[in-house]
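**Student:** Residue-level listing of the chains:
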Amino acid sequence: MSTVATSPRFKDNARKALGDRELQSALKFVEVNFIARRREVADKLPEFEALRDSARDIKDHTLAHLDLYLEAYEKRVTEQGGQVHYAVTADDACRIALDICRELGAKTVTKGKSMIGEEIGINDFLEANAITPIETDLGEYIIQLRHELPSHIIAPAVHLTKAQVEADFRRAHSHLPADRSLVEPETMLAEARAVLREKFLAADVGITGANFLVAETGSSIIVTNEGNGDLTQTLPKAHIVLASIEKLVPTLEDAAQMLRVLARSATGQEMSVYTTVSTGPRRADDPDGPGAYHVIILDNGRSAMLGGQFREMLRCIRCGACMNHCPVYHAVGGHAYGWVYPGPMGAVLTPSLIGVDKAGHLPNASTFCGRCEEVCPVRIPLPKLMRHWREREFERHLSPATVRSSLALWAFFAKRPWLYRAATSLAMRALAFLGRGRGRFRWLPLASSWTRHRDFPTPQGASFQAQWKKRSSP
Amino acid sequence: MEETVIAMSARDTILASIRASLGVTGQEAPRRKIVADRLSAHPAGVVPRRGQLPAPERAELFARMVEAAAGTLASVASAEDVPSAVAAFLRRHNLPPSVQRGGDDLLAALPWQREPSLEVAVGPSDGRQLASVSHAFGAVAETGTLVLTAGPDNPTTLNFLPDNHIVVVEAKDIAGDFETVLARLRDRFGDSLPRVVNMITGPSRSADIEQTLILGAHGPRRLHVIVVGEGAGPATGTG
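Line order of the protein sequences matches chains W and E. Heads up: the first sequence at position 298 corresponds to 298 in the working numbering, and the numbers run straight through without jumps. If you want the working numbering, it's the position in the second sequence, counting the first as 1, plus 474.
All clues stand as given, with none of them false.
Computed beta-carbon distance windows for the label pairs:
{"#": "1", "chain 1": "W", "residue 1": "L201", "chain 2": "E", "residue 2": "E554", "range": "30 to 38 Å"}
{"#": "2", "chain 1": "E", "residue 1": "R565", "chain 2": "W", "residue 2": "V32", "range": "38 to 46 Å"}
{"#": "3", "chain 1": "W", "residue 1": "A167", "chain 2": "E", "residue 2": "G500", "range": "53 to 61 Å"}
In silico SDA-like cross-links for lysine to any residue, where the CA-CA straight-line distance does not exceed 25 Å:
{"#": "4", "chain 1": "W", "residue 1": "K28", "chain 2": "W", "residue 2": "G268"}
{"#": "5", "chain 1": "W", "residue 1": "K75", "chain 2": "E", "residue 2": "R493"}
{"#": "6", "chain 1": "W", "residue 1": "K358", "chain 2": "W", "residue 2": "D124"}
{"#": "7", "chain 1": "W", "residue 1": "K75", "chain 2": "E", "residue 2": "D665"}
{"#": "8", "chain 1": "W", "residue 1": "K162", "chain 2": "E", "residue 2": "E684"}
{"#": "9", "chain 1": "W", "residue 1": "K199", "chain 2": "E", "residue 2": "G690"}
{"#": "10", "chain 1": "W", "residue 1": "K199", "chain 2": "E", "residue 2": "D637"}
{"#": "11", "chain 1": "W", "residue 1": "K384", "chain 2": "W", "residue 2": "L407"}
{"#": "12", "chain 1": "W", "residue 1": "K199", "chain 2": "E", "residue 2": "L689"}
{"#": "13", "chain 1": "W", "residue 1": "K237", "chain 2": "E", "residue 2": "V596"}
{"#": "14", "chain 1": "W", "residue 1": "K44", "chain 2": "E", "residue 2": "L527"}
To list a few chain W residues with every Cβ distance to chain E over 10 Å, as calculated:
{"#": "15", "residue": "S181"}
{"#": "16", "residue": "A411"}
{"#": "17", "residue": "Y420"}
{"#": "18", "residue": "R429"}
{"#": "19", "residue": "Q467"}
{"#": "20", "residue": "K470"}
Calculated directly from the structure, the hints in this document are not laboratory data. Note that the Cβ used here is the ideal one computed from N, Cα and C, for glycine as well.
Assemble the whole structure, with the sequences as input and the hints as a guide.
**Tutor:** Have a look at this one:
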């Protein structure tokens, strides 16, 4: 029941996004705020780079022993009265969650923010089965009202302006006075808080994700700023944790290493407000907490990724730093990527999960500037992995004929340097002659898809190679 | 001869797929030993120097970090002074003189009667209380984080439902780093963690609308820390 992907239409999506004024105005905040805040807290911690190495090593170690850590984790959860369920596919995970809800006679389910929940399309599935899911993270709540996917993995509604949110609240909260003031984000938050407080107290089941699963203790860890995840998991009869296999870390100490890079990379905080370590259901003498604790562990293709070129992607801790620093994401936002995971991490992960035939555009939507790798807290070589996808796409003849033939033509010249130099020098002289006086071309034959969006500058002076040759042989 | 088809459970399918990808059987003794050793030794990784300070400076760092996370903080010399610090906080914010607390020994032993107008109820929150008082298991100076454990002594609902959360922490329980608190958790609770360990750094907040940071999203709008005891350092704020 995963969400239908529009990734095959990335180019159309991107074109629309570039012309969407509200989106463009909302996206400005990403570029400015996230980058500056991350820089600031990273600079304040001299050990930050060493912690990134440590985080990478912990994930690599865990992945190399994943079968054994998974078994150890399951044993600890079970010892403490929790239940572990395994789901090979997204559908399996949805069905397991539904069965738990039905067994408890659940009517409403509150939800903490969970990317796995988005990946498996749990909300649509529950709704189709007469159970009402209510997102409680403010951003997720807003996009649920709009029937949208998140456009960012930690700031789901980052593509919206406050005027859009106001309109959504007026439409959804029709029981409130129509003449109420709802201009400031403070008022909107207060309204959402009041509406959702009722839902928290009435919910039968709470579903959260997990940032980490700890094998040593059988615990799940969630990290939030709002406190919605905690209300979601504390108040109902049962707590369901949705997590994928790569969320495991060996010990609490390992989790502490990961936490030190997570919040700093994500929101630029020293530490998120609420880091909650949950172990099993309510104990005999507990005055509150859920009576049942279930963990649904999802594979959905990840165990296969472990054996291939994309294993390093499984280190990802979903902080969003790669998209926060990505010039392509800044330009088109998250929805253009067409599925659950946007930005550079999405460009690598989405083809693994839904197929390169559907998501082949995503790894091509990169300038290869390398900023994503520079900031990744677990040092995933995202540009290299995107390149792997491009190679596969080419090998599988999925790239369009024009791309293939142009590349073949380019390769013909590139393999013959003397011919390459002669041809480019001829072409440059011709262009310089034709463009003399104007300084730019508004249209060029065979390059119209380039010149449609920008002018082509008239070549001036000698080529780079000629200049370089002159410089290095004085 | 009939073929017997044994359906693999999802668990076995996933484990088999992981093992196929890793090229292992899961029975290799050296791998099993590496994992068992790591789980029992739980080695610490990189621990920031920031929190490695003598007690008074550590408490000062903690206070600075709490305030940097938009929490407020008051220091009192002894536990006897906590009720008046609680009453002062409520007065300052024009809140009714009423708090909810759990059955925690330290909180139960406080001389609440010294604040005769202060009403102190005991038990979890049902969402109607405006202020709660908890006793933190420990704190981390490195980030200004409080560590609370769930149970009848400090019910989890008190950390999230009331608008104002007052947390009492003893100066001696302020550690420099997370690892120290994790070691204390193991000492105190042995093999089994409390149902929930809440690490709390400042009051609830959201920046989901145009990245405007607003306090009081779903949890408390205010987080007030009362540090008790010697080495607590000077009060860094009026709270």
